[in-house]
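Q: Chains as they are written, first to last, in UniProt numbering: chain A, 1 to 110; chain B, 1 to 110; chain C, 1 to 110; chain D, 1 to 110.
No lab work stands behind these hints: they were computed from the structure.
Owing to the predicted nature of the structure, the values given are computational and were not obtained by experimental measurement.
All the pointers check out, no bait thrown in.
Because identical chains cannot be distinguished in the list, a pair is counted as satisfied if it fits within a single copy or across any two copies.
List time: in silico DSBU-like cross-link candidates among lysine-lysine, alpha-carbon distance up to 30 angstroms: (1) LYS52 x LYS110; (2) LYS75 x LYS27; (3) LYS21 x LYS75; (4) LYS29 x LYS52; (5) LYS47 x LYS29.
The chain contents come next:
Protein chains: 4
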Amino acid sequence: MELHDAAQLHEEHCHTGSERKSHHSEKTKSNLTARLNRIEGQIRGVKAMIEKDTYCDDVLNQIAAIQSALNSVGKMLLEHHLNSCVIERIQEGDNEVVKELMITMNKLIK
Amino acid sequence: MELHDAAQLHEEHCHTGSERKSHHSEKTKSNLTARLNRIEGQIRGVKAMIEKDTYCDDVLNQIAAIQSALNSVGKMLLEHHLNSCVIERIQEGDNEVVKELMITMNKLIK
Amino acid sequence: MELHDAAQLHEEHCHTGSERKSHHSEKTKSNLTARLNRIEGQIRGVKAMIEKDTYCDDVLNQIAAIQSALNSVGKMLLEHHLNSCVIERIQEGDNEVVKELMITMNKLIK
Amino acid sequence: MELHDAAQLHEEHCHTGSERKSHHSEKTKSNLTARLNRIEGQIRGVKAMIEKDTYCDDVLNQIAAIQSALNSVGKMLLEHHLNSCVIERIQEGDNEVVKELMITMNKLIK
Chain A
1 MELHDAAQLH EEHCHTGSER KSHHSEKTKS NLTARLNRIE GQIRGVKAMI
51 EKDTYCDDVL NQIAAIQSAL NSVGKMLLEH HLNSCVIERI QEGDNEVVKE
101 LMITMNKLIK
Chain B
1 MELHDAAQLH EEHCHTGSER KSHHSEKTKS NLTARLNRIE GQIRGVKAMI
51 EKDTYCDDVL NQIAAIQSAL NSVGKMLLEH HLNSCVIERI QEGDNEVVKE
101 LMITMNKLIK
Chain C
1 MELHDAAQLH EEHCHTGSER KSHHSEKTKS NLTARLNRIE GQIRGVKAMI
51 EKDTYCDDVL NQIAAIQSAL NSVGKMLLEH HLNSCVIERI QEGDNEVVKE
101 LMITMNKLIK
Chain D
1 MELHDAAQLH EEHCHTGSER KSHHSEKTKS NLTARLNRIE GQIRGVKAMI
51 EKDTYCDDVL NQIAAIQSAL NSVGKMLLEH HLNSCVIERI QEGDNEVVKE
101 LMITMNKLIK
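Modelling step: build the complete structure from the supplied sequences, incorporating the hints.
A: This is the structure we're talking about:
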């Protein structure tokens, strides 16, 4: 199989060999990574706020902002997962993906 | 005022001069910081998962775990805030703290 | 004690005798009751949707709307509680109200 | 087509003619309805609590219980929807269901 086809296979399929993989485009990956970099910075910011005895209400508002940013990352991933692996595995007749998805939804829907 | 009293004053009061401050014990501070360090590490972990095309469902479960950990930090801070600055300011007749608290609660209670 | 004073006592205090009471104005009560009537109607609407085999996605959207309406009622009650009984009991030196409040916050902040 | 097959067709398919329908078993329907009846009763209970000036903290705890019960109904419906219409429409090549599902998830994941 040409290198290109192998990459293409990896690109399109949710699993190479036994291990399940995702297949984000580089654009999606850099978007997700940029958002997570910002969140990581915000977490460090909260640590500094606590170290400097910043007023709790201000820290709580910063935590609410981080939760909202993390929620957006989760929804981006969910959307990508639904549109790739979930569709793919259902079309292959592998409905086990739905049971797996529901276990995750139970954690995200509080 | 003895240095000790000055520190005590800072320790007990929600505001030194015009700026509002919190006053966590060293024990609370290290507890909060340890939790935030772990969360920071988990965020870096999610970035690595995305970089390595880890299966989305696994990444989503990791995000749910981080949200839960962040929620605990928020609740610790809220409890501390209620027991220190909120009580203190209400006892000083400064009920403005309740309006401020409700604005923050609106963001935390989704 | 004049009837008026007795009502006044009831109106202002979080507890008459051993039992804790709230003291909403009639305006607040009718606002809360109107919202709850609407929610009750929406719940009956969901039952009818399920009975008629309405498409699940439509029912899920209706449930999300009810959750949001119920959330607003909760926040109205919380605001009223903070501005009345919580302030009152803290001013009376009864800080136990903060522990009680935190137990409830732990259930509302998911 | 035999009447039985027609009913079977209705039973298995997410849409009869132009309108989308769900197809719960009678067992699922009565389970959902029983839960919604309880929630409806709890809403009426909250109205009575407010009418009798029940202490706000107690009412807030009751609202948290209702939110949790409503959340369970939502998750039951989601699970059923994923296992029936979502699988069915994806297998028919109608991936539009994923876009529709994501819009609903955005409302349920707060």
